[in-house]
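Asks: Following the numbering used here, the numbering of the sequence shown begins with 1 at its first residue and continues without gaps.
Among the clues, some could well be false.
[Said to hold, decoys possible] Calculated cross-link-like contacts (lysine to aspartate or glutamate; reagent style EDC-like; alpha-carbon spacing at most 16 Å):
hint: 1; residue 1: Lys24; residue 2: Asp52
hint: 2; residue 1: Lys22; residue 2: Glu45
hint: 3; residue 1: Lys48; residue 2: Glu63
hint: 4; residue 1: Lys28; residue 2: Glu57
hint: 5; residue 1: Lys72; residue 2: Glu42
hint: 6; residue 1: Lys28; residue 2: Asp52
hint: 7; residue 1: Lys72; residue 2: Glu45
hint: 8; residue 1: Lys24; residue 2: Asp54
hint: 9; residue 1: Lys28; residue 2: Glu78
hint: 10; residue 1: Lys22; residue 2: Glu57
hint: 11; residue 1: Lys22; residue 2: Glu71
hint: 12; residue 1: Lys22; residue 2: Glu63
hint: 13; residue 1: Lys48; residue 2: Glu19
hint: 14; residue 1: Lys24; residue 2: Glu71
hint: 15; residue 1: Lys28; residue 2: Asp54
hint: 16; residue 1: Lys79; residue 2: Glu42
hint: 17; residue 1: Lys22; residue 2: Asp52
hint: 18; residue 1: Lys24; residue 2: Glu57
hint: 19; residue 1: Lys24; residue 2: Glu78
hint: 20; residue 1: Lys22; residue 2: Asp69
What the hints contain is simulated information worked out from the structure, not anything from laboratory work.
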Amino acid sequence: MHDLINYFIKTLNNNHIMETLKFKTNIKCGGCVANVTPFLNEMPEIAKWSVDTDNPEKILTIEVAGQLDAEKVVNTLEKAGYVATSL
1 MHDLINYFIK TLNNNHIMET LKFKTNIKCG GCVANVTPFL NEMPEIAKWS
51 VDTDNPEKIL TIEVAGQLDA EKVVNTLEKA GYVATSL
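The whole structure should be built from the sequences, with the hints applied where relevant.
Replies: Quick look at the structure:
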């Protein structure tokens with residue numbers, strides 16, 4: 001049921017103007033991306049996210065519909081075992 005609710009929230013959010021947040025991270029590889037996926041996907045404010053693991057700064061880009069405090073993302077990634085700094 002939770003997945004269905006997140007789907008509808010994200011669908012509704014996709015119809016609104018997005019804000020983009022960027023973070024320097026230590027998410028280095030596909031395994032790291034897999035580790036953070038459940039943490040980021042649980043955040044209903046996030047419409048879409050990606051990590052550029054080829055970039056030396058391992059940039060996490062998040063498209064947000066509505067409001068999302070960058071500190072909340074930093075704290076969520078810390079819970080997953082990673083470090084992020086808002087850019």
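Asks: Compare the structure with the hints numbered earlier in the document and write down the numbers of the violated ones, lowest to highest.
Replies: none
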